[in-house]
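Undergrad: Chain by chain, the residues:
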Amino acid sequence: GAGVSQSPRYKVAKRGQDVALRCDPISGHVSLFWYQQALGQGPEFLTYFQNEAQLDKSGLPSDRFFAERPEGSVSTLKIQRTQQEDSAVYLCASSPHPAGDYNEQFFGPGTRLTVL
Amino acid sequence: GENVEQHPSTLSVQEGDSAVIKCTYSDSASNYFPWYKQELGKGPQLIIDIRSNVGEKKDQRIAVTLNKTAKHFSLHITETQPEDSAVYFCAPPRRNQGGKLIFGQGTELSVKP
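Residue numbers (our numbering), protein chains in the order written: chain A, 1 to 116; chain B, 1001 to 1113.
Take these hints with a grain of salt, some might be off.
Computed from the model, here is a short list of chain B residues facing chain A with C-beta under 10 Å [stated by the list, open to error]:
{"id": "1", "residue": "1016"}
{"id": "2", "residue": "1019"}
{"id": "3", "residue": "1025"}
{"id": "4", "residue": "1045"}
{"id": "5", "residue": "1078"}
{"id": "6", "residue": "1082"}
{"id": "7", "residue": "1085"}
{"id": "8", "residue": "1089"}
{"id": "9", "residue": "1093"}
{"id": "10", "residue": "1094"}
{"id": "11", "residue": "1097"}
{"id": "12", "residue": "1100"}
{"id": "13", "residue": "1102"}
{"id": "14", "residue": "1103"}
Quick list of in silico lysine-lysine cross-link-like pairs, BS3-like style, CA-CA up to 30 Å [claimed, not checked]:
{"id": "15", "chain 1": "A", "residue 1": "78", "chain 2": "B", "residue 2": "1112"}
{"id": "16", "chain 1": "A", "residue 1": "57", "chain 2": "B", "residue 2": "1042"}
{"id": "17", "chain 1": "B", "residue 1": "1112", "chain 2": "B", "residue 2": "1022"}
FYI, nobody ran anything at the bench for these hints, they're computed from the structure.
In this text, a Cβ means the ideal position worked out from N, Cα and C, and glycines have one as well.
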């Protein structure tokens, strides 16, 4: 079946521009996570949704980052006034159950954001 | 907070040899220990995991061993093949914090034919 998809796959933005990154999770998956992966590093947690509720946003690096999942399926990560340090791959992952200690997360291919 | 360290950062082996990657964690309450594989241009994919009530788990050519006393767990790949070349991450989640994964720095495995 279809996995997690993300769009666009690549995004180049000029510093100061706003960007919106989209995640389509696996149909029916309750949990959705966003991670940020800098070049040569492991992914770092940004935020977590259970259905439409954003239960954890402790990893968002600044108030320029905003995420939503209004209908409990598709999610959008928005970055306002992009800075060069925002350049990274943004990964979305979904899981069929409410988040718990043992749940496998299914990752999308990521969106590579480059801020010039 | 949780500290996760992986060693080595790079590993090069000949096809057919074994590879071992070690992950050390700091949270003694951790009870779930997954390994993810990330190929170029793709997202991480779970390849094997183990829970704290088990010391070892094997799935064909891959296995994970857990030493809770020493707070480390290891990925073992036997009879390596070129398609095993990828970056491997350990990612134990923070206990009771919604399952958010805490990734190690990654190990780049290269299998030479």
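Undergrad: Are the hints correct? Go through all of them and say.
TA: Results for each hint:
Because the closest C-beta pair between residue 1016/B and chain A is about 28 Å apart, greater than 10 Å, the hint is violated. At a threshold of 10 Å, the smallest CB-CB gap from residue 1019/B to chain A is about 18 Å, leaving the interface hint violated. Contact between residue 1025/B and chain A, as hinted, is not supported at the beta carbon level, the nearest pair being about 13 Å apart and thus beyond 10 Å. A least Cβ separation of about 7 Å between residue 1045/B and chain A falls short of the 10 Å threshold, and the interface hint therefore holds.
At a threshold of 10 Å, the smallest CB-CB gap from residue 1078/B to chain A is about 23 Å, leaving the interface hint violated. With its C-beta approaching chain A no nearer than about 22 Å, residue 1082/B sits outside the 10 Å limit, and its interface hint is violated. Taking 10 Å as the C-beta contact cut-off toward chain A, the hint placing residue 1085/B at the interface is violated, the least distance being around 16 Å. A hinted interface residue such as residue 1089/B counts as satisfied when its beta carbon comes closer than 10 Å to some beta carbon of chain A; here the least separation is about 5 Å, so the hint holds.
For residue 1093/B, the interface hint holds, the least distance from its beta-carbon to any beta-carbon of chain A being 6 Å, beneath 10 Å. Hint status for residue 1094/B relative to chain A: holds, with the closest Cβ pair at about 9 Å, below 10 Å. Annotation: interface hint on residue 1097/B holds; nearest CB of chain A at approximately 8 Å, less than 10 Å. Checking residue 1100/B against chain A by beta carbon gives a least distance of about 4 Å; that is within 10 Å, so the hint holds.
The restraint placing residue 1102/B at the interface with chain A holds, with a minimum CB-CB distance near 7 Å, inside the 10 Å limit. For residue 1103/B, the interface hint holds, the least distance from its beta-carbon to any beta-carbon of chain A being 3 Å, beneath 10 Å. Between the alpha carbons of residue 78/A and residue 1112/B the distance comes to roughly 41 Å, so the proposed pair goes past 30 Å and is violated. For the proposed pair residue 57/A and residue 1042/B, the alpha carbon gap of about 24 Å is at most 30 Å, so the pair holds.
A distance of roughly 21 Å separates the Cα atoms of residue 1112/B and residue 1022/B; the hinted pair therefore holds under the 30 Å criterion.
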